[in-house]
Structure formats: structure tokens, C-alpha cells
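**Q** Sequence:
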Amino acid sequence: MMENDDTVLEFYDQPNKIKLNYVNNKGKNSGTLYTPDFFVIKENTAGWVEWKNEDDLLILSKKQPWKYIRDDKGNWRCPPGEEFAKELGLEFQVCTNSIINWNLHRNFVFLDDYLRKGKDLEINISILDEIRQVIFQNPGISLKQLINHSNDCTFSADDVYVSIINSDIYVDLKESALAEPDSIKVFLHKEHEEMYINLISCEKDLPSPLKISFDIGTKILWDNYIWTLINIGDNNVSLSSEDKYNEVSRELFDKLVREGKIIGQKKEDLNDPLIDLITEASEEDYKKANYRLKHVKKYIKFGSKEFTTKDEPNLRKVRDWVGKYRKAENLFGNGYVGLLPKDKDKGNKQDRFSSEVMKLMNEHIQNEYESIVQKNVAQVYGAFKNKCEEKGYIAPSSVTFYSYIKKRPIEEQVKKRKGTRAGYQKKTFYWELNRTTPRHGDFPFNICHLDHTELDIELVCSSTGKSLGRPYLSLMIDAFSRKVIAFYLSFEPPSYRSCLMVFRDCVRRYNRLPQQLFVDNGKEFHSIYFETLLAMYEKELIWRPAAKPRYGSVLERLFGTTNTNFINNLQGNTQIMKNVREVTKSVNPKNHAIWNLYELSSALDHYFFELYETIDHPALGGTPREAFKMGLFYSGERKDFYIPYDTLFEILTLPSTRNGEVTIQRSGVKINYIYYWHDDFKILHSNKTKVKVRFDPFNIGIAYAYVNKKWVKCISEYYSVFKNITEKELKFITSEIKKTKHNHVKSFSLNAQKISKFITESENNVQFKLLKTRADETNNLIQYRNKEFDTSNSNITTSNNFNTEESMESNSEEHYLDLYEEF
Numbered sequence: 003m004m005e006n007d008d009t010v011l012e013f014y015d016q017p018n019k020i021k022l023n024y025v026n027n028k029g030k031n032s033g034t035l036y037t038p039d040f041f042v043i044k045e046n047t048a049g050w051v052e053w054k055n056e057d058d059l060l061i062l063s064k065k066q067p068w069k070y071i072r073d074d075k076g077n078w079r080c081p082p083g084e085e086f087a088k089e090l091g092l093e094f095q096v097c098t099n100s101i102i103n104w105n106l107h108r109n110f111v112f113l114d115d116y117l118r119k120g121k122d123l124e125i126n127i128s129i130l131d132e133i134r135q136v137i138f139q140n141p142g143i144s145l146k147q148l149i150n151h152s153n154d155c156t157f158s159a160d161d162v163y164v165s166i167i168n169s170d171i172y173v174d175l176k177e178s179a180l181a182e183p184d185s186i187k188v189f190l191h192k193e194h195e196e197m198y199i200n201l202i203s204c205e206k207d208l209p210s211p212l213k214i215s216f217d218i219g220t221k222i223l224w225d226n227y228i229w230t231l232i233n234i235g236d237n238n239v240s241l242s243s244e245d246k247y248n249e250v251s252r253e254l255f256d257k258l259v260r261e262g263k264i265i266g267q268k269k270e271d272l273n274d275p276l277i278d279l280i281t282e283a284s285e286e287d288y289k290k291a292n293y294r295l296k297h298v299k300k301y302i303k304f305g306s307k308e309f310t311t312k313d314e315p316n317l318r319k320v321r322d323w324v325g326k327y328r329k330a331e332n333l334f335g336n337g338y339v340g341l342l343p344k345d346k347d348k349g350n351k352q353d354r355f356s357s358e359v360m361k362l363m364n365e366h367i368q369n370e371y372e373s374i375v376q377k378n379v380a381q382v383y384g385a386f387k388n389k390c391e392e393k394g395y396i397a398p399s400s401v402t403f404y405s406y407i408k409k410r411p412i413e414e415q416v417k418k419r420k421g422t423r424a425g426y427q428k429k430t431f432y433w434e435l436n437r438t439t440p441r442h443g444d445f446p447f448n449i450c451h452l453d454h455t456e457l458d459i460e461l462v463c464s465s466t467g468k469s470l471g472r473p474y475l476s477l478m479i480d481a482f483s484r485k486v487i488a489f490y491l492s493f494e495p496p497s498y499r500s501c502l503m504v505f506r507d508c509v510r511r512y513n514r515l516p517q518q519l520f521v522d523n524g525k526e527f528h529s530i531y532f533e534t535l536l537a538m539y540e541k542e543l544i545w546r547p548a549a550k551p552r553y554g555s556v557l558e559r560l561f562g563t564t565n566t567n568f569i570n571n572l573q574g575n576t577q578i579m580k581n582v583r584e585v586t587k588s589v590n591p592k593n594h595a596i597w598n599l600y601e602l603s604s605a606l607d608h609y610f611f612e613l614y615e616t617i618d619h620p621a622l623g624g625t626p627r628e629a630f631k632m633g634l635f636y637s638g639e640r641k642d643f644y645i646p647y648d649t650l651f652e653i654l655t656l657p658s659t660r661n662g663e664v665t666i667q668r669s670g671v672k673i674n675y676i677y678y679w680h681d682d683f684k685i686l687h688s689n690k691t692k693v694k695v696r697f698d699p700f701n702i703g704i705a706y707a708y709v710n711k712k713w714v715k716c717i718s719e720y721y722s723v724f725k726n727i728t729e730k731e732l733k734f735i736t737s738e739i740k741k742t743k744h745n746h747v748k749s750f751s752l753n754a755q756k757i758s759k760f761i762t763e764s765e766n767n768v769q770f771k772l773l774k775t776r777a778d779e780t781n782n783l784i785q786y787r788n789k790e791f792d793t794s795n796s797n798i799t800t801s802n803n804f805n806t807e808e809s810m811e812s813n814s815e816e817h818y819l820d821l822y823e824e825f
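Its first residue numbered 3, the sequence shown is counted upward by one per residue in the working numbering.
Don't read these hints as lab results, they were simulated from the structure. All C-beta atoms, glycine included, are put in the ideal place defined by N, C-alpha and C. Hints may contain errors.
[Stated by the list, open to error] So the derived label-pair ranges between C-beta atoms look like this: (1) K21 with R118: 34 to 42 Å; (2) N126 with Q66: 52 to 60 Å; (3) G33 with G91: 49 to 57 Å.
[Claimed, not checked] Here are the computed lysine to aspartate or glutamate pairs in the EDC-like style, where the Cα-Cα straight-line distance is at most 16 Å: (4) K263 with E253; (5) K393 with E365; (6) K409 with E365.
Kindly generate the complete structure, drawing on both the sequences and the hints.
**A** If you want it as C-alpha cells, here you go:
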């Protein structure tokens, strides 16, 4: 929020430690070093700012009362921090999540792509004039209506948002959300908005009799005088105003209300007790009220002569119903609710037991039953009953005791007895958590989920037909539209390589990366390469809480749907393996597998992008494709922020060494035991120059070095052997070599020659052979997919072409090179 605050000049996160002096709980003077969250420099002030969750502060204020206190105005303070800052003429402020304007925060997230470019954003003056003309001709136009006008004009949604960022047009970002375009209004400027509000406020609304409250004591406006209702009878209404008193007939009073000559206080629709009374009634209550209403209307129309004291309903009952009808009519503006039976309100609702018994029962439930020991409920009741007899109390029955246990919050109860993971299973699932958390993002690419799963199908080698096992699917899905954004299929278990290949597929298809990426706590999602790429493109990485799969329910559900509706209908699926004891050789999926990796990848591509996204989704009210397209239309396609899929992007999605750079030696640069060479190293190795490097995890025969502001392609020694060898194969080879030498030579070192020799001699190694075959299948799939992309996008060419002997320069990608240099 501070980066978008005009009053903030600079801010620094995690500044230097400061010393807090305080008096501890034992009354002794103490001190501690503390790191605040931010140091903020504003136009008029400067100081430290600490951000805390309101609930966390309540806990901390009890544990550390010297550190955090709440003043008379309800604001949180840190006295030791304020004392330290005061000595330096600065401030120390404690802020909580309660002061955040979540509408404004949500809008900043929505406009994040535009805000990052800031002043670099420009809009054609003719397009801006066109937008302003539409707003001028339609005062109070909504954002949705304005964007709909783009169908008949030359501007787009992107132009509208750029105009908002540049303050060329005005919306109140603090009050409404841009993600709800039909509820936010667009104006030329702030004064234009105030004019519109004043214009609307001057319109005279005629009051509706059914929406006006006329209770005793209510103030009403009649003939420019304010009157107070002091009595509402069946025939007359009594009013008073200062020293005046007036009484009018009920018929005249109702007429004046209908004509708008008497104006009363309007009721709030959402808090209307009329709705509560109607919704709480049962079908039997409606039946009785309908019966009573028929006779009430008959009494009002014809009087008491239609009723006798002998026949049902007798006159006394009908008069009672009429009184209730009139009373409800006065209170709620509707007499029907007065005829609803109130049998459910009868009886003694108070506890039958004393407060001491209730307190004792709650203590046994919370301390004895809700504990990690998981005592039997009968044993807990027995202990409670014994305690009651000991104190001379009358103990409730076991049925009552059990009923009170069932009334306890189930999530808290299970959590205390079985732990947090078991309690999570009982937690209520919220589709929409609160106003700080949009349900599944506000627009396409706002929130995406990435995860992996092993598919339930056996695959074979495309050349030999031999079984290769089950593949892993890495999938990225857009939470807003439920559309699949990208996927990657391979035999390799989830790794950072799988994640980077998904990013490649995402940019190849859409030239975009998600604004926020939700992942679980897998090792691959904590990879430095994975995090660096997202940081380079200023994307936010969010890890889901551990052991809470509901945070990824959107993606987990799609995994299940893919296996159930597609994979399980293919030959070679492994459904039968759930009951291994029943599996024989004749039905073993390995013996019936016919699909290879490329064929399955092509089939999944068709399933995700031609079938799944064209089927109505129950949560969307349409298809994922329609939701995605409509979301892009109203949120802007944001083409100015496209990421080109070119050689540079491919290099940036390659991993590097642990330090990110290596020293150029006489033999070249050394990466993972292997030396790589390029002719540009000739004049640099004598100076021991350090350069940034990247290597291809699917082909260790080549690597890339950043030399003289350009990426150059380097060739490995023993290139003919290492060509198309993957990083995973290299790890297997090095581990095998180390095993054979472990007991013979203590100071054993690996080099390219030993690795090359092992590869040449490993043709009969079954484990390496399977690994090699799987890697070849994956590499072939990547090459096929790249060729398909080049064919379908032949009009898109990259600016950097290179071969073994040529270097690569980034021309139009200087911005991304600058970003890279930061890492």
C-alpha cells in the first residue's frame, strides 16, 4: 500500500535493529534488540512502522504487556519503541489489519500490472477524448457500461485503466472494487462525482407505506412539523408536537401516508423483523395463519354479526385475532405476521440447573473429554456425576450431558482430541472467506494454482514399445475462470524443472505469467530457480498452509476429474491396481499399455483446451472459456505487459549454479563437473572474470554464459557423449561413480572424462537404460511441442537467432536483461 501512497517518499523493510528498554514482569529494567517491519520517510514525518494482526496483538499484549498496549482511543502503541524514536525526533507507529481499506487494497492488486509501469504508460489523446466523451454524455455511467461502449469505439478496457492510473478520469478506489464493474461509477474528475451525488440527493423520493416504520415514539414529518406518535389505536392515531396535540382517524392517517403527506422513518430491508418472522415460521404455522386471516377479513368487512359464541371460530377468538392483526399492521406494516402462531416461544427456556452445575459440567467437557487422552464420554460423565454427588449437586442425566457435548464447536472439539489436522477436516468450508479475500481472484491470471500428480496410466516407449511406467502431470489452472493455463507431462517426479517447463508453456500460449501463484510446500516450490524467475517478472509466490488441501481445492478437483473422466477411460489405466491381490498377468496394465508420452500429451492438450473448457462449469454459470474471455474483456488484455516467448525467455527459465556465476578458467567455465567453452573466453580467462551462467537441464551438452551484455552459447567437452543427457541422468551417473570409488580412494574427484567413460560403459545398466529411455521420450515431446508452436505461430519470429558458433544479443529485451542483472 505504501508504494502507492503519494505522501510516502521512501520506505525500507526490515531496517536495522533498535533497542527497546522496558520493565519486565519481575519489575527489573531490561532491554532487547528488535527489528521493526518498516522505516518510512513521509513528507512531514519519518519513523518506524510495525504491522501486526489484530488477533496477534491481543495475544502479545498478554504475554508482553510492556511491549504493546491499547490506549483510550482503541489504538495500539509500543511505549518502548516510542521512547526510542522520541530521543531521535522520530515516530514509532503500530498498525493493524483493521485500518486497511480492503477495497483500496483489492483495487491496487487489480491495477498492479499498470502501477508497476507507472509514468511509462501513455494513452493516445484521441482515445482519451473518446473515453471522456462517453462519460460526459452518460453521467454516473458504470465501469461495465463504459467498457461495453468499447465495442462501438476505438478504446479498450486497457485504455480505461491507464486513464484511471494517470488520473485522466476519476473513480473512487476507496469505496468500490474495479473487479465488480457494474457497481463502480466513472466520472471525469472528483468535482464531476460530487455534482452527480448532489444532483441525485436533490431528487424527492415518495415514501412507500410498506417501508415506513410507525411505532409509538417514532418521529414523523407532517405539514413541515415534526410529530411524535404517542398512541396507535384501531380507530385513531394520537400525535404530539412540542405543545401541540392532535388526534386523527386511522383511515385519514393511512390516506395521508399513501399520498406522501406524512413521511416517516424508512426501515432497513436487511434488518426487517418482518422477514425474520416469516422465514422462522413452519408450514403448519402458515396453515393456521391462512385460516385465521380468512375470518379476520370477514370480521373487518361484515362485523361481529357473522359470528356466534357457539360455532368455531367463536367471536371471542376472532376478536383476539383481529387485535393481533391490527397490532402487527402498526408494528410491521403487515397484519399477516400477527396471525402466525407463537407456540415455539412457549415454555420455560431457562436452564434447569444452577450455574454451579453448568460450570462444573463445562469444565469436565472442556478439560476431561476434549483432551488428547480421548476419554470415553461415559467415563467423563461418570467422573462428573461423582463430583456432583461429592458437592451435593443434583447431576443432569447422561442424555443432557451428551447433548451439551454435541453443542460444542465440532472443529475445536476434534482439534483438542485428535490434533490440528483432524480438526481441519471438520472445519467449515467457506467459498468466500471475507472481503479481504476474493473468492478465486478478480480477473484471469490474478490467481493461479500449480501442482503435480501421478496419472493412473502405464505408458510405453514410442520406439521399442517397452513399458516405461506412469507419467507425472504438472498443471497450472486459472482460479477465476477454472481454465487450464498450462501443463507439462514427463516421467520425472515433481522438480523445479517441471515448474520451469510449465512456465514456458504458459508464456508460449498466452505471453503472460500469473500475478499470484498458489503452491503447496513441496520441495520443488522452494527451489531458488523457481523463486528467482517469479521475482524477476515481479510475480507473487504464495505457499498454501501445510496440511490444508482445501486451499488448492480448485486444482485438486481438476486432477480428480481428469483421472475419472479421461485417464480411466484409456487402455492401460491402473484402476485395477487399487486391489493388487486381484491383479493377474492377463489384466496387469503394464501388459496392456499402448499409449506413449507424446500421444498422451497430445490427447491431454485436446482434452484441456477443446473439451474441458467448453463444458459448463457449475461454479461459473457458463464454460471456463467464456468466463476467461469475458474476464479479459472487462479487466483488460494487458498486451503492453506481454512476455515475449523467445530465446531470452528460454534462457531465463534455465537453472544456474548455486552461486549463479562462475570464474572463466583456461578450459572455460565449469558447471556440474563439466567444462564449457566459447571463443569469447579467450581474452577473459587471464583476468579470472566471473560471469553468470545457465545450463540446460534437458541437455547438459550446452550451457549459456552472460558475456559483454549478451548471452553466448557454450559447448561442453565430450559434446558427442553429453549431447541430450539430462541433469537427472547426470546426477545418477555421478552418484554411481562415487559409490564405486567410495571404498578405494578417499580423495576422489569427478570430472567430465570419468562421466563420459561411465556413459559409454553403461549400455547394459538396466536402471540407467530405463532412465535414459524416459529422458529421451521427454526430450522428444519437448521438441515436438516446440515444433507445433513454431508451426502454429509462424508469423511470430524471435529477434535472436544463433548457432553453435554465433553469440546471441538481446535487442528488444533490454528491459528483461536489466531485470536479470539484479539476480
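**Q** Work down the list of hints and note, for each, if the structure agrees.
**A** Status of each hint after checking the structure:
1. K21 with R118: 34 to 42 Å: holds (37 Å)
2. N126 with Q66: 52 to 60 Å: holds (57 Å)
3. G33 with G91: 49 to 57 Å: Hint violated: Cβ distance 21 Å, outside 49 to 57 Å.
4. K263 with E253: holds (14 Å)
5. K393 with E365: Since the Cα atoms of K393 and E365 sit roughly 15 Å apart, the hinted pair holds (cutoff 16 Å).
6. K409 with E365: holds (14 Å)
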